[in-house]
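**Q** Each chain, letter by letter, is given below.
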Amino acid sequence: MQEQEMTMLGAINLGLDQALAKDGKVLLLGEDIADPAGGIIGVTKGLSTKYGADRVRDTPISEAAILGAAVGAALAGYRPVAEIMFVDLMPIAIDQLLNHAAKMRFMTAGRLTQPLTVRTATLGGMGMGNGATHNQTLEAWFMHIPGLKVVMPSNAADAKGLLTTAIFDDDPVLFIETGALYGARSSVPLGEVAIPFGQANVVRPGEDVTIISYGLGLTQAVAAAEALVAEGISAEVIDLRTLLPVDFPTVLESVAKTRRAVVVHYATRFAGPGAEIAAAIQEELFGQLAAPVVRIGARFTPVPQAPTIEAAAYPNVSDVTDAVRRVMKGVREVVS
Amino acid sequence: MQEQEMTMLGAINLGLDQALAKDGKVLLLGEDIADPAGGIIGVTKGLSTKYGADRVRDTPISEAAILGAAVGAALAGYRPVAEIMFVDLMPIAIDQLLNHAAKMRFMTAGRLTQPLTVRTATLGGMGMGNGATHNQTLEAWFMHIPGLKVVMPSNAADAKGLLTTAIFDDDPVLFIETGALYGARSSVPLGEVAIPFGQANVVRPGEDVTIISYGLGLTQAVAAAEALVAEGISAEVIDLRTLLPVDFPTVLESVAKTRRAVVVHYATRFAGPGAEIAAAIQEELFGQLAAPVVRIGARFTPVPQAPTIEAAAYPNVSDVTDAVRRVMKGVREVVS
Amino acid sequence: MGVATLSTDVQRRIYRLMARMKAVDDRLTKGILSGEFIAIYFSHRGQEGVAAALGAALRETDQLVTTYRGAHDHIGKGIPLVDLFAEIMGKEIAPAKGKSGTMHIASPETGVMLSTGMVGSGIPVAVGLALAAQLDGSDRVVAVSFGDGATNTGAFHEAANMAALWNLPLVMVCQNNLYAEKTPTDHTMKIKKISARATAYDIVGVTVNGNDPDETYAAMSEAVERARSGGGPTLVEALTFRLRGHAIGDDMVYIPKEQLAEAEKNDPYPAYRQRLISSGAFSEDELAAIEAEATAAVNAAVKTVAAAEFPAVETLMEHVYANPEKAPA
Amino acid sequence: MGVATLSTDVQRRIYRLMARMKAVDDRLTKGILSGEFIAIYFSHRGQEGVAAALGAALRETDQLVTTYRGAHDHIGKGIPLVDLFAEIMGKEIAPAKGKSGTMHIASPETGVMLSTGMVGSGIPVAVGLALAAQLDGSDRVVAVSFGDGATNTGAFHEAANMAALWNLPLVMVCQNNLYAEKTPTDHTMKIKKISARATAYDIVGVTVNGNDPDETYAAMSEAVERARSGGGPTLVEALTFRLRGHAIGDDMVYIPKEQLAEAEKNDPYPAYRQRLISSGAFSEDELAAIEAEATAAVNAAVKTVAAAEFPAVETLMEHVYANPEKAPA
Ligand SMILES: Cc1ncc(C[n+]2csc(CCOP(=O)(O)OP(=O)(O)O)c2C)c(N)n1
Ligand SMILES: Cc1ncc(C[n+]2csc(CCOP(=O)(O)OP(=O)(O)O)c2C)c(N)n1
Ligand SMILES: [Mg+2]
Ligand SMILES: [Mg+2]
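Each protein sequence line maps, in turn, to chains A, B, C and D. Residues in the first sequence are numbered consecutively from 1, following this note's numbering. Residues in the second sequence are numbered consecutively from 1, following this note's numbering. Residues in the third sequence are numbered consecutively from 1, following this note's numbering. Residues in the fourth sequence are numbered consecutively from 1, following this note's numbering.
Honestly, the hints are just simulated from the structure, not real lab data. One or more of the hints may lead you astray.
Claimed, not checked - Here are the simulated BS3-like pairs of lysine-lysine, each with C-alpha atoms no more than 27 Å apart in a straight line: (1) LYS30(D) with LYS303(D); (2) LYS193(D) with LYS190(C); (3) LYS45(A) with LYS257(D).
Stated by the list, open to error - To give an idea of the interface, some chain C residues facing chain D are shown, with a C-beta separation under 10 Å as derived from the structure: (4) HIS187; (5) MET189; (6) ALA200.
Said to hold, decoys possible - Chain C is nowhere near these chain D residues, computed Cβ spacing over 12 Å in every case: (7) LEU243; (8) ASP285; (9) ALA297.
For each residue, glycine too, the CB sits at the ideal point set by N, CA and C.
So here's chain A without its partners, still in its complex pose:
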């Protein structure tokens, strides 16, 4: 298939474009998404011009009603793709996702479904100085919602492929984009490629330790793995791609081989996604591990605005390399 280098932003735009073209039931809803704005940073640019302002529809600032309307449209056979501008705003809309969308198939024994996608973005790690209400990384909440699926792509090609799967999935999907990655370029298949959920990507093979991550954390994971080569440490890096479901078979196969695991994410470490990954690994591979599973995540604090302390709130590459060195020694040490 033909490929083209593009940004993640471009890839998401293309994925939406192709979905709108393919299926007349695909419907976009969100604040500022229609042209001329085309989204506050242009993710939906051109789409309302191409498909009409009916199908690519600006909404009032009414997050609960945006998701509620998407739930209703999905009940009537549409495949709505609702945009909630930032994940920090999801709390305002989360009732509809939690209490309606995620439970609908179950509560009707499959007679009504929710082929619904919610796109949102985390600004965490962008370093823009937006402060505490615009820098959160809340994916752990959504992993705890039975009936939902949660996707968090780390590159342009995955974003397009996973978005396509999300839109045509018959269950509700939360698709979390990462602001800091919108500009990241990679080669993207131009035709329709749907990447299945629950299929992690081993982005870098290795022998000594497995670094598990997703989204923006993957950048740190890969950088750490590259830096560790000089020390003779061979790190395997896994991109989870989807957090619900998690591809445990791939994770466990890797850790069974390396006997060491480090989980890295931008979400707050305490009670974060890494807790589930670590708890599952120790449970499944007890006795086979050479070191405890270590988690690297954001500090337990709101995100501050000033650049010095904002950067310190999030994990960095040396947090990851330090953690790997520790697990290589098999030594238990408090990591925060």
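Using the hints, position chains B, C and D with the ligands against chain A.
**A** Just chains B, C and D with the ligands now, kept in the frame of chain A:
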């Protein structure tokens, strides 16, 4: 101090009563809380008659504004105690807790604080057949909010003691009551006793395995421990009481001794509170454990209404005894 | 709004629905209070006039969103009684196989698309259904039924604004029964007429006596017609009363005695019966037959449902996902 | 509402505030566009008339809640300029020590109790502050400032209903600048006058020309007086425009050229200056002195803030809890 046997419902009522009496800045807000209703099941009964409908104030069905008003009153020096009838409704109000209350001290460098308590109740495990939107156990979400504290008492005395601490704490506290425990009786000190946060309770000493729980899960934990005596297994049972902060020193001291841990809760197992506990234990006590840390929680499904399947969605005593037997063998086995 | 004169056909339709609603409610109330049924139930007794008028004004192809207090609305839309009782009792023969419960009944075949336990949260969902109807270019109308208390939720406001903005085929029916759980309406809002809230969205708002099914039908029909013909949403406030309190078992101590007595006096069911007889168009026999038919239908349904089993434990994990393969357990 | 005649003292006060607001905005815009400052900033240029009128109508002891687009409101309430610039730049000398940022500025000493980045979410917080004022038995008034877009949020509705119900001393100021981010107001609501939303709560709603500070001041004063004297909340809609778009860097391509040109023509700052001169009560020299004073104050503040350091990394974990002892790291 004089004690009296009473229900958890009565203990909470007494705790509220004493707080209202002690400090004129204590203010209750919530739907149906004022007399003659006195709460939908009577938790706040008599309080508006005693302290006035100004201080024990009925509100419209406006969860976001209830918490918002509590945030504002707290900014002005009050100690509001807002009631959100069920934890299933917290999503509607959670923006105020996440984006304002929990971040206020940080975002103002301590110049403004939030001496605010949110009382809510989980109906999970009551077996009333209320169905999926009225049976959730969402404490894991709140553990992931820096700046917040999370309390989940398992008995009447603790409920009163922890509620007192919550109301007079200078940071925002989510106080989660358990519907299934409202009727549970125990001896409660009548005077003011504040139980510090982050202080777990070893409710049953033991040598072979540590069962860690809180809230309604504790009932299963204790019942399992009692049942296991016949098999010669001595289980230590810990009631966490607060989930943010978690009293890790007490947990780790116990598990260091028993070398085995089972975490039990009514929250959904996947990405639930037990994930953090298990991940932390394996990290801190690596190499000292005789078995993996095992987690018992609700199945990954919305809660159904029919009694047969509703019961099956939640953990039961034999899930706990089975798990303990497995960790006693040190055998790895998939537990769900 | 004055009393409209309806055709006897419509009045018959309305009375049939009211009789069926009342028979269902009476049977559930009796069964629950006696311990025969173990179920959660939010009685609509006293509100039949509103739901019957709405049901009669809607077409089969129209859709409805309602609440936990929804049995009358479901019946108005034509839900089979076996389905209704089976959902409430959680039996395996329920279309939702014991997974829904009283608060969450859906009957897509009859147009009941959602009932929700979240006060107010159904209203935005109805907006989405109405948007779909509009995009489909169909003449489908969506009605959403909710209480007085629900109009204080943010969801009501966001949804009403959106529906007005997009000129959607939506009928917003506020069944103002003067209480939200145990709190009277005038303790939760300053305005006297909830229909005045329509002004905030530039849509039509009307208040009707919900205990007068004919008047209510006229208002519903007008609203439905407006929606169907592209005239956009309407807010219909129907004044009524919950004669049995919030849920079965409610002692109603918080309701002043005189208010309750007055409400009993205004019970729309005997009043409407009386009106039909007095009009001369209906005989005592005809109405008795309608009532007997309703009771028989209820008894038959209860019998079927009582004999049915609860779902097997093994069915628990079904229908969480279309494909559960990789999902957590 | 007709143009009111204000005392020259009040007009001077308003012009001083407007000059200061404009000087701050100009300096931030210039600094950010040139790369001299690294900061997020939501310009209020063009909206000075509203904020100055509000500021002049409030007492020092009154309280204010505003938004990310709040610098003009902060200045109106009297925030020290060093504090304002230091918060926006995230310097350690900021009262919040680099932890707040442009969207989250509080200045409790001057009555600025909250600025929030969550559209609409500040309004219920203002309700709580007003409730406290009422419970305290004080004559404190609370004002809450928000945009046109915010009136479509559920939070607005829930808060307005509560404030009306409890008759709270609250002034709700909607700065209708005709856009919410990149979307014009008439794409997000059907109603033409946002003040009509007051009807839904049975409170007074007025629409004023926010570019006319005198007219706006009269409306604000009336609302403040109503609140202070126990008359309850008011919704004041002030029509204005965001001359520099949503945030600095906004290319404003989505704004029709004619609309922007018209808005520039209606810029309240030069217009008010002209009015004061024309009235004969103010000399060119006096106004020039006021402007020079504003510029000097801004320059002095910028100098202090530019010289200050960012907070040390070690301060990150401070102020998460009163007592961080047992908290996660
Ligand atoms: C969002 C939300 N808040 C609170 C509740 C608890 N609750 C259930 S019914 C009810 C009263 C609703 O009153 P109203 O809207 O008037 O409807 P009615 O019950 O009178 O039909 C309340 C507060 C809920 N289920 N959902
Ligand atoms: C709840 C919420 N939704 C969306 C956003 C993103 N956002 C920030 S400002 C804004 C526009 C707000 O418009 P308006 O209320 O008119 O205020 P203005 O910016 O014009 O002053 C939006 C949509 C947000 N911050 N919060
Ligand atoms: Mg009601
Ligand atoms: Mg605006």
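**Q** Hints numbered earlier in the text: which of these fail when held up against the supplied structure?
**A** No hint contradicted; all consistent.
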